[in-house]
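Trainee: What follows is the residue order along each chain.
Number of protein chains: 2
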Amino acid sequence: MFLVNYNYMLSFNSRLNGLVKQKRSWLCVGLDMNPEALGDNDLSGLKDHSFKVIDATRDLAVAYKPNFAFFERWGAVGFAWLEEIVSYIGKEHITIADAKRGDIGNTADQYAKSIFDHFGFDSVTLNPYMGSDSILPFLNRKEKGAFILCRTSNRSAKELQDKMVDDEPFYLHVARLIGGLNKNDNAGMVVGATAPEELQRIRDIAPQSPLLIPGVGAQGGDLSHSLRVGNQSGIGLINVSRGISFVGDMSEKSIHSAAANYVEQMREILR
Amino acid sequence: MFLVNYNYMLSFNSRLNGLVKQKRSWLCVGLDMNPEALGDNDLSGLKDHSFKVIDATRDLAVAYKPNFAFFERWGAVGFAWLEEIVSYIGKEHITIADAKRGDIGNTADQYAKSIFDHFGFDSVTLNPYMGSDSILPFLNRKEKGAFILCRTSNRSAKELQDKMVDDEPFYLHVARLIGGLNKNDNAGMVVGATAPEELQRIRDIAPQSPLLIPGVGAQGGDLSHSLRVGNQSGIGLINVSRGISFVGDMSEKSIHSAAANYVEQMREILR
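Residue numbers (my numbering), protein chains in the order written: chain Z, 33 to 303; chain X, 33 to 303.
Pulled out of the complex, with its shape left as it was, chain Z reads as follows (with noise of 0.2 Å):
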């Protein structure tokens, strides 16, 4: 029963690694928690049913996702609600803070003291642009991990992202920087389901980076494929935001039902 455990002597890719092996799941549930889709603009509506989806999920997600734009929308009232809401989820799951900070270093330290040492997360996710003196902060601890964007899911990812260099694409440059940078075993990187072939090129050059793979639901990213190419080597876990938390009349039945019903796909996948 260790895995389960909050163990700091595992690096973060190996406590990782462990906890999908034991629950059989590659499920992270993303928390975005847009009024909009809830259908109720009160705060306390809202919290409610953050709290609700992550009762929901217990037994069947790996990690949690907060999207801090969804919080920070509401300002420190709303960064309260995230305070509660890591200490809610507790050490019995991987918290991934979808923060997508990147700064000069003497910045990027105070990044990391709030999300790892003031909120209390596992891990956050990085933005690369700025180079190896924005991520490095994040990464001198090894049970702490980060998700640095590499080929993202959004339609637009492409203007910039796949400029070619020296006859690649610009996202793999940046897979090399960040596996450079990955001696304490918790460097990994987002990749969409909405880009198959990118994801299968980034895992062919880094056969053991945790992956975390937003895009499949709503964006429209192929479950399968992504699973399969995601764990071909290490682990790549899949993102559901508003395919879960949204879903049906979104009682906590519609909720683990969703979740239920993607986990049981996913074992089925990797069966």
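Any given hint could turn out to be false.
If chains are identical, the list can't say which one is meant, so a pair holds when it fits in one copy or spans any two.
The calculated SDA-like cross-link candidates involving lysine to any residue, where the alpha carbons are at most 20 Å apart (straight line), are [said to hold, decoys possible]:
#1 Lys190 - Leu209
#2 Lys195 - Leu209
#3 Lys174 - Asn66
#4 Lys215 - His257
#5 Lys79 - Leu42
#6 Lys145 - Ala108
#7 Lys145 - Leu75
#8 Lys84 - Lys123
#9 Lys79 - Val109
#10 Lys190 - His205
#11 Lys215 - Glu191
Honestly, the hints are just simulated from the structure, not real lab data. Everything numeric in this text was worked out from a predicted model, so none of it was measured.
With chain Z's structure known, arrange chain X on it following the hints.
Mentor: Coordinates of chain X only, in the frame set by chain Z:
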């Protein structure tokens, strides 16, 4: 006197141009409220200091740029402080949310709501890696502006930003992308003073775009070159953070004197 008033009929760039001309200042005061720099790890001491920096520089600064990392570090309490700061600055200066955000379209909408509506900032810094759909939600109100990272001031900026694409460095492709999104005269760029040649190349292809130029002072960028090139056609705001906020004995007098010294040098250079 109308230029001082907050006039919603002006585009962000027009308002910035007017304010610079009226004040004969190109100074942006960066509010990086680092407890280590103050030598005081107490939040109320830092808060008092942030208000002191604002009071000491009102007559000299065109813009204030709080860096979100130094507020997020304290969680909800830090965000409440940031709310107070924006209101304390008031409407007679340009406020720049140094948040370096970048996310897919529906999430970028939430960040825009956070920064422009909840906090009430005039402008924001953004990261271009995810392409135009991560930027456009911040550009659809002409009175609100964005400064998008182009060539940054940190040492590792070159790792990705200088990669050659079709015989031109990547950051110039970013500059062209941003130029193409500037339909409302409100899209600017961040270019480090530590990259003097790069600054000239960016100014050449974006003659009117507002530039936000950090890296003078602690990071070693050249004030004279940055100011001249930055302002040869459009406006180039020079950001100074540590060199003003934490100077000398950190009294209001020392802070005012450091800011006045910068502004006098600027007026001399652009005489």
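Trainee: Look at each hint and say if it fits the structure.
Mentor: Status of the hints after comparison with the structure:
1. Lys190 - Leu209: both (19 Å within a copy, 12 Å between copies)
2. Lys195 - Leu209: both (16 Å within a copy, 12 Å between copies)
3. Lys174 - Asn66: Neither way: Lys174 and Asn66 sit 33 Å apart in one copy and 26 Å across, limit 20 Å.
4. Lys215 - His257: Answer is neither: 29 Å inside a copy and 39 Å across each miss the 20 Å cutoff.
5. Lys79 - Leu42: neither (32 Å within a copy, 39 Å between copies)
6. Lys145 - Ala108: both (17 Å within a copy, 14 Å between copies)
7. Lys145 - Leu75: between (27 Å within a copy, 15 Å between copies)
8. Lys84 - Lys123: Within one copy, since 18 Å is at most 20 Å while 41 Å is not.
9. Lys79 - Val109: both (11 Å within a copy, 19 Å between copies)
10. Lys190 - His205: both (14 Å within a copy, 13 Å between copies)
11. Lys215 - Glu191: This pair counts as between: shortest inter-copy Cα distance 18 Å, intra-copy 31 Å.
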